[in-house]
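Student: Listed here are the chains, written in short residue letters.
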Amino acid sequence: MASHAAAAPHTAGADAGHDDGHEHHHYTTTGLDNRKIAIWAFLGSECMLFASLISTYLIYKGKSLVGPFPHTEWVNEAGKRFEPILDIPVTSASTAVLLASSFAMVLALQAVQLKGKPIAATAGWWERIQRSSQFWLAATAFLGATFLGFQAYEFTSFVHEGLTIKTNLFGSTFFTLTGFHGAHVTVGVLWLMTLLWIDRTRGLGPKDELIVDICALYWHFVDVVWIVIFTLVYLIS
Amino acid sequence: MATIAAPTHAGHAEASSQNTGIWSWIATTDHKRIGTLYLWTALFFFLVGGLEAVLIRTQLMKPNMGFVSAETYNQLFTMHGTTMVFLAIMPLSAAFFNFLIPLQIGARDVAFPRLNAFSYWVYLLGGIFLTVPILFDVAPNGGWFGYAPLTTVQFSPGHNIDFWVIGLQVLGVSSLAAAFNFITTIINMRAPGMTLMRMPMFTWMSFVVQFLLVLAFPPITVALVFLLMDRFFGTTFYAIAAGADPLLWQHLFWVFGHPEVYILILPAFGLVSEVLPTFSKKPLFGYNVMVYSGIMIGFLGFGVWAHHMFAVGMGAVADSIFSMMTMLIAIPTGVKIFNWIATMWAGEVRFEVPMKFAIALIGMFTIGGISGVMHSSPPADLQQTDTYFIVAHFHYVLFGGSIMGIFAGIYHYYPKMTGRFMDTGLGNLHFWGNLIGMNLTFFPMHFSGLYGMPRRIYQYDSGQGWDLFNLMSTYGTYLIALSTLVFVWNFVRSRTRGAVAGNDPWGAGTLEWSIPSPPPEYNFAQLPEVTSRYPLWDLKDPSKTAGIAHSHADAMTITDAHAVPVHEETERFTAKELGIPMPLPTAKPLFTAVGLMTMFSGLLFLRNDLFAVAMTITIGGACMFIGGLYAWLTSPLE
Amino acid sequence: MSHDAKHSAAHGAAHAHETHHPTGNQYLKIAIILTIITAIEVWAYYIPALVASPLFNPALIIMSALKFGIVVLFYMHIKFDHPLFRLLFTASLILALCTGTALMFLFKVF
Amino acid sequence: MPKLRLREAGPALLFMVVLLTLTACGDTVYPNTTFTRFTDLNSSILSLWDRLLFWGTIVFVVVEAALIFTIIRYRKRPGGPEAKQIHGNAILEITWTAIPAIILVLIAVPTVKTIFQTQAPAPAGALKVQVIGHQWWWEFRYPELGIVTANELYVPVGRTVSFELTTKDVLHSFWFPAMGGKRDLITNRTNYMWFTPNADLGTQAWNGFCTEYCGSSHANMRIRLYTVQPDEFESWAKHQASPAVFNPLAPAAPPATPVANASNRRPAVPAVDTAPAQPSTGYVFPIEKLPAHVVPQTPIPAGLDFDDALLAGGDATRGATQGFMLGGCIGCHAINGVPGAVSNIGPNLTHVASRHTIASGLYKFDGPTLARWIKNARHMKPGVIMNTIGRGEYDPGMKMTVTAGLDDRQIADVVAYLMSLK
Ligand code: HEA
Ligand code: HEA
Ligand code: CUA
Ligand SMILES: [Cu+2]
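Chains as they are written, first to last, in our numbering: chain A, 1 to 237; chain B, 1 to 638; chain C, 1 to 110; chain D, 1 to 422.
Mixed in with the good hints there might be a few duds.
[Stated by the list, open to error] One side only, chain A facing chain B, incomplete, derived with CB under 8 Å:
(1) T28
(2) N34
(3) A38
(4) T56
(5) K63
(6) T156
(7) V159
(8) H160
(9) L169
(10) S172
FYI, nobody ran anything at the bench for these hints, they're computed from the structure. Note that this is a predicted model, so its numbers are computed, not measured. No residue lacks a Cβ here, since even glycine has one placed at the ideal position from N, Cα and C.
Start from the sequences, fold in the hints, and give me the full structure.
Tutor: Here it is as structure tokens:
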């Protein structure tokens, strides 16, 4: 503590928090940034949110009175036949896209951290491109948007096949669960685009590590939720 | 708070323009002002909820009374429960979180001052949204836990439940935002030397509560989203024709609902843990165990929710497990009760008004706790559930616990908040009225319940054996109401007329008492360095704290006054004079909150087939919300 | 939260503990592993004999948990970051898992 | 400080009163008391309760006594001793962790035992009763006996009754305080509960309640239970299972259009059984034996006028052939033996006159009340589905005045008809 007292003498002002990208070095108890603690608490809370949503989906699974169903065929009174509605190949592709976006995201953060560090003259394209935060931010946002495109496609094709949010318990729980996830992805894409915009206007550097890191944590969390949804909703029947 | 500053602080006028006028309140980002706003708003809602209780009790005074209609009665008890829980006690606790936590841990403000303002405005708007409908007889009427399928459009076609589901959803946003804020504040904004095991007990209990909030609100958010989607977009989560299972709502609600009751009680426990040592002139007995038991209560609180559902037929195994988990909670709670008594043991117990309320909490909460344990035995609970015996239980813990604790806190911290004491005579009147009134009101309910009176009934026949108990309850309520009016008078009047209080009017030991009352906007002119759990006692009466750990070598020699790093601050300067950067005032959080509320209220029109109107309002609100958020995040804090 | 207490005493420079991040190539390897696991999952889904096996569901859940863990540990660098974050997240996650599992038991999902 | 003593003694005194009243347990003063041993179920519960009360009282007394003692003994006195700076005491703290834990074990063990005992499957040979909740009335079916009735339940003493609980709409809960714990009726689920009224219980009437909030008239969803002797039950059941016995009191009713067979799909006209009825109408709980607390006392709301003089002239046959049709009653109420009257939106009226209450125990069963009920049920019981039928009456549900319905004379006819459905 003595060292602290020397570093931050008993002056005022050193401990008000900040919820923006302001550049004071405020005293904090743990030496960590407030925003990073808050985002982790937030992600903890999100665990409960998605646990509730996913449990509901599983609880209602197989309880729908009428089809279409996720994994089994169904014939309605009019004799119309419905295939099992989940489209595994398409969703596998979108899952891969989202996983790839997480990869792009870590590289974006790395690029921001490394900005300004000298790079060896012998570095190949892979080393060089690793230094482009704009590229990776754009790639992440693009992959995220692609995932959303897949989801939009999936939703519309379900509606065409006769499954809406009102049709049965499966429809309600499925659309709400994946819709919630999709909404999270949408927020993430907007967030990434904002970062990209900042990067293009004033450039992101190591001092901005934190704001990119927070976005990255959120993004990976959204990815991780999808990993669970993909297995529990799509693959397990 | 300059308007109410006591004259002794005239030394340095707080001359900055932000300090007066309505705008200074609208744009405030100061945790103390936000705390004050919370306090006033929540007290107002407490009166509203109380008034609803008075009407309820008047209707139940006699058999087949006919004072209000069935429909009105159903709205009254729904709104009474909802108001008391979400608009009175939780925000009253939030008032203390806001006002006290930064002061107790030696911080300038909370971690995110503008988010804090946002939480308050969302709460205010949500509260108004939820309360106004009762003036038009369209208030929510599904009970405070709104069991499906009664709350679906099929059985509640009016707008009543719409207000409830939207209102609670919005209030949830407020609570969650505040909780992230306080978690961060407590972890990261503690003054040097304020280790976790030196935090004042109120801060500790609040810390636990923030985690309960963060983890318990998501399930109810999900449950409410389902209901909202059912009501506005025709999904089938609770639609009986689609084969929905009503227990889904019940489980999701109570996964939230039981931690919620500890959200309601732990801050009160924290407050009395500040009051009891102060007025016994002794440190809290068994501090560590008090911390652990608080954490334990919070933790166990997540594993007992289904004790509200013993009558739904979960099966013998589930009943047994939830029963035993519930009983376990009595152990850490009992530890608290006994440690409080031990805190007073061998002390010098001064019966100031806050102390009276704190002692009453111990006595009254225990009664509620014991009846709680009686419910925790499922076969016995089957005779109790949904009767007035339950109503007796939860009013003993809520009124005898939360409310008593909060009043202890209000009388205790009023001098810190305003610089003046509340009147003791009136305070005593309030106390005795409350104590006698609550026992007269709620004790007979044990009997009416066990003698067969169901809850939530707007009328009953005579000759059922309940008449006398109900009459007593009603008179008790009138007594509480009268004494509450005394409190209101005292509270309002003392702001300008109360006796002037100094920094440390009660001889307390924690940091908040080392600075002037009311505290200057920057709280601490110097960052305090904390040496023990009771830094101020270290300073003023080291013998009191000699027995507890002081981890600093240099502070071990407590008797050497120069080694004590906490300074009692007596003079007030402006932040500018001291060169302390303060968060700028801004109305952007308010603007953003209005956007959020508008966005949700647009939904109401969906059910009147006014699609275009609904979309306009919702999208307009969403734009306002996003725009406000954006403007807020891109403008500098200080 | 005891690390936290330790930390408050021991902290110095703010970001001292964020040193051993993986490099870009390591991230690439992680991405490949994740993709391979996903591929195995999908492949297994199309083999009726595997789907019929009682081990199918547990195996899928384990694989998905593995992916979950990898992303959280490395991409979210919880492995290298302040222990406080690990505590905040894992405690919530465990509670969420327990609650979800309990709910499913109560509704006889399994 | 005597004031303090008084403060803490108040609840303590009241608690003593609990104990006293519990042992005194007069069921005339507290007719709906839960402290009975009239069934096996409630005997188990009460034994558990006694234990809870015992330990609860001990904890209460210990805590409150310690509290009062402490604040009196250690109150600040001028010249009194200084506060002793005690920070904790591990042994004490372990003690007051351990003792409650032991008490809880003593509670938990019998609790779990009782849970398994009371939730076991009902013993073989139990009388099956299906309980179906409706907003806001109870439908009772005895599937083995072919009985459908409403709001008043007959069970023989000495035999286990096994309830199968379901609901048509929202949640309700089924409870007789004197018989034992309640069970919820849950949409899309079936619940079970059973108890055995003691064989020596005697022919008695009990109150029951809906205890899950179920909307506007939740308070008005009451139940009557009659525990009767086995032979009485037999007689009651036999009669209830028979179709409606319509025995017009007016001697010479014009013969109604003869109905050839029940499958006749013409607009339903009640089959008027003009043949001499069975001499006996079966056992009914004698009205004069009803204790006061079982007799509904709800006052009929003001503003609902009916000329009671008309009742004397009510013509049951006309009520059956005209009023019951015109009033639309047939759309909601079943009367066994009356073709077309098969709906169960409302209570089954086959033997409605054998009941002592209407509207789920809210009102007495008598002519004037029935007349007003038919005239404007929604005025008498908030929110009911049964619409307002009296011509010129304001229907609070539809928020409009009825123009088509029945006039008072027609209502009197219907009342006469219903009164004859013994
Ligand atoms: C502040 C709020 C609060 C608190 C703290 C509690 C605390 C407890 N509650 Fe309560 N409860 C409510 C608020 C609260 N409750 C509400 C609002 C409802 C009704 C909701 C509704 O239906 O509307 C409810 C309903 C409720 C039920 C459901 C009843 C039903 O509907 O059928 C149950 C069942 O187990 C229960 C149990 C308990 C228990 C065991 C505790 C324990 O935590 C109590 C522990 C404390 C003690 C036991 C006293 C001190 C201990 C000692 C002195 C040690 C020695 C003691 C023993 C060995 C017994 N409560
Ligand atoms: C948080 C806590 C809380 C508090 C403090 C109270 C306080 C009171 N409650 Fe509360 N109550 C609940 C929470 C609370 N209640 C809940 C959760 C329910 C369940 C709801 C449900 O079933 O859905 C309930 C249900 C409930 C019922 C059961 C209703 C029913 O089942 O039909 C009753 C009946 O007597 C009752 C009575 C009272 C009384 C008399 C008070 C008294 O303490 C109130 C004291 C009175 C005042 C404080 C008002 C004084 C002021 C004025 C009169 C002046 C007004 C002036 C202005 C506005 C300017 N409450
Ligand atoms: Cu049915 Cu309450
Ligand atoms: Cu609970």
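Student: Confirm or reject each hint.
Tutor: Quick rundown of the hints versus the structure:
no.: 1; hint: T28; result: 5 Å, holds
no.: 2; hint: N34; result: 4 Å, holds
no.: 3; hint: A38; result: 5 Å, holds
no.: 4; hint: T56; result: 6 Å, holds
no.: 5; hint: K63; result: 6 Å, holds
no.: 6; hint: T156; result: 17 Å, violated
no.: 7; hint: V159; result: 14 Å, violated
no.: 8; hint: H160; result: 19 Å, violated
no.: 9; hint: L169; result: 6 Å, holds
no.: 10; hint: S172; result: 4 Å, holds
Against the hints set out earlier in the document, violations occur for numbers 6, 7 and 8.
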